[in-house]
Amino acid sequence: MSESTATQNSSARNKHCPPPPRRNSKNCGGGGTEYLDITKEEFERIEDALKKEEFRKLFFEYCEEIQDPENRKLYEKEIKQFEAERGVDVRFINPEPGFVIKTSEDGVTKCFINIAKSAELTRPSNKLCLNPETGNPDLSWSIPLAQAPPRDDLDAQGKRCRVYDVIFHPDALYLSQRDSAFRKCLIDTALDAVEREFKVDLDRINLKFPKLQFKGMARPIVIRTLSENATPEATEPHPLDSISPAKPSADAGEPKIIPMKTQNEIAKPEFNVPKYVIKHRRDVDLTEYTYELDAKFSVTVPRELVIEIDLPLLKSTVECKLDVTDKSLYLLSERPGAKYRLNLDLPYAVDDKRGVARFDTDQRRLCITLPVTQNNPRQQRAMHDSIFQLNREDSGVESDIREEGNLHSNSESPVDELSDTVEENLSASGDDVNSPQSSNSPVSASKSTATNFLKSSIQYQLPAKFDCNVLDNVMSLVLHVRNVQPESIAMLKNTKSLHLQ
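Residue numbers are given in the numbering used here: position 109 of the sequence shown equals residue 121, and the series is strictly consecutive.
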């Protein structure tokens with residue numbers, strides 16, 4: 013029989029004190045979240061032992077012995093005597109059935125909270141005070157409670173769930189049966205205690221009260237405090253101190269004060285927002301690893317969006333309403349005890365006609381797969397051409413302002429104007445670009461043309477940075493030179509050459 017530890021707490025309205033420190037659940041009996049770690053050989057030995065009739069008989073006798081109330085009393089008496097020798101007072105709190113609260117933990121795991129009773133705890137008390145919100149006389153209740161570490165159990169369907177035990181004095185449960193306001197206060201106190209002590213988030217909207225008095229097997233709780241009248245031998249080290257629980261501190265017997273939340277803090281919305289995850293899914297496409305200009309044009313856009321929504325309190329999605337548009341998703345469940353509402357904006361436009369929804373009954377999770385709307389090749393090519401045109405026009409020149417009188421024709425391009433101007437200048441200087449001599453010796457003509465085109469008195473150099481793009485039968489050269497006026501550019505264009513200054 014393992015010992016469980018707990019802290020005795022008090023909860024009072026309109027008192028503000030720091031919450032109690034979190035206890036490590038791995039060291040508490042029944043509260044560990046670790047699975048049983050055994051080797052294959054150990055498992056085989058246990059399996060072989062259970063096949064033997066003699067071992068099963070001894071095992072059943074041991075189970076009956078530890079469940080016998082007389083043996084349990086003897087065990088508790090021996091533990092108290094042993095701890096008294098060390099100067100520690102021990103109190104065993106055996107929880108008695110009360111009622112059960114069913115909800116979910118962190119929006120994922122189903123959990124049960126046992127509201128139990130024990131006469132070992134202090135009775136609830138009240139005193140007259142003024143309500144700070146209304147200014148009217150009111151009662152301030154102090155409700156002592158004790159908590160046990162959480163433990164794992166199975167629900168009616170055989171699925172794993174979490175169980176918490178919160179124990180009050182029997183008078184507290186008696187008052188909750190006669191006064192609905194006090195019952196609500198008792199439930200809020202238990203939920204606050206579980207959330208503060210174990211750092212979890214409980215679903216307060218979808219609370220259910222099954223027809224159970226206690227979930228699982230009741231386990232005794234041990235509260236250890238320092239003895240006031242310790243014997244002199246208790247101050248000496250005990251031979252079993254190394255394997256015994258550490259002695260409690262001097263203030264371990266003092267109850268910790270947990271302030272209750274005000275009505276504004278515990279205001280409940282009508283629906284709970286479930287937890288969800290949006291996953292971007294994209295398969296491998298070998299065409300994206302080529303050297304084409306538009307190979308990686310949409311590589312960052314996923315092919316599908318997978319939305320996983322946790323609905324731990326739903327057995328099926330028959331009563332759920334799901335509405336999906338190209339940019340949003342809306343989920344609504346109005347089932348009593350499982351009210352969920354989710355209004356989600358999608359990061360990409362999707363094809364709502366080809367979406368697929370599937371509910372996993374084991375995980376209580378709704379998985380929605382939506383294909384993302386992809387641009388067709390024609391739209392991608394048009395977008396690529398527009399980006400290419402912007403790159404051609406972005407030459408770094410701050411302004412390109414011309415008077416209407418200087419423009420000969422709206423249809424004539426600046427390149428043609430510059431070419432005509434260069435040809436006229438060359439013709440005036442005596443160099444004929446289209447002369448027969450140049451056609452007979454193209455190499456020498458090209459060299460002479462370039463020599464005559466460039467001025468010998470000026471030292472030319474290539475730009476420090478330029479880009480060259482080729483698309484179909486068009487070549488684009490982008491020179492990254494700032495603050496250049498278009499009229500200062502001269503261009504000579506031949507069949508297989510281009511000269512620019």
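Keep in mind that a hint or two might mislead.
What the hints assert, rightly or not - Lysine-lysine pairs mimicking DSSO-like chemistry, simulated, CA-CA at most 27 angstroms apart:
1) 63 / 52
2) 351 / 308
3) 114 / 52
Unchecked claim - Have a look at the derived ranges for each label pair, beta carbon to beta carbon:
4) 473 / 304: 50 to 60 angstroms
5) 386 / 353: 51 to 61 angstroms
6) 398 / 485: 10 to 20 angstroms
7) 73 / 193: 44 to 54 angstroms
8) 145 / 80: 32 to 42 angstroms
If you're looking for bench data, these hints aren't it; they were derived computationally from the structure. Remember, it's a predicted structure, so these values are computed and weren't measured experimentally. Beta carbons: idealized from backbone N, C-alpha and C, even for Gly.
These are the hints, each one checked on the structure:
1. 63 / 52: holds, 17 angstroms
2. 351 / 308: The hint is violated at about 44 angstroms.
3. 114 / 52: Roughly 37 angstroms separates the two Cα atoms, so the pair is violated.
4. 473 / 304: 50 to 60 angstroms: Cβ of residue 473 to Cβ of residue 304: about 34 angstroms, so the range 50 to 60 angstroms is violated.
5. 386 / 353: 51 to 61 angstroms: violated, 31 angstroms
6. 398 / 485: 10 to 20 angstroms: holds, 19 angstroms
7. 73 / 193: 44 to 54 angstroms: holds, 50 angstroms
8. 145 / 80: 32 to 42 angstroms: For residue 145 and residue 80 the Cβ distance comes to about 53 angstroms; the hint is violated.
Comparing the model with each numbered hint stated earlier shows that hints 2, 3, 4, 5, 8 do not hold.
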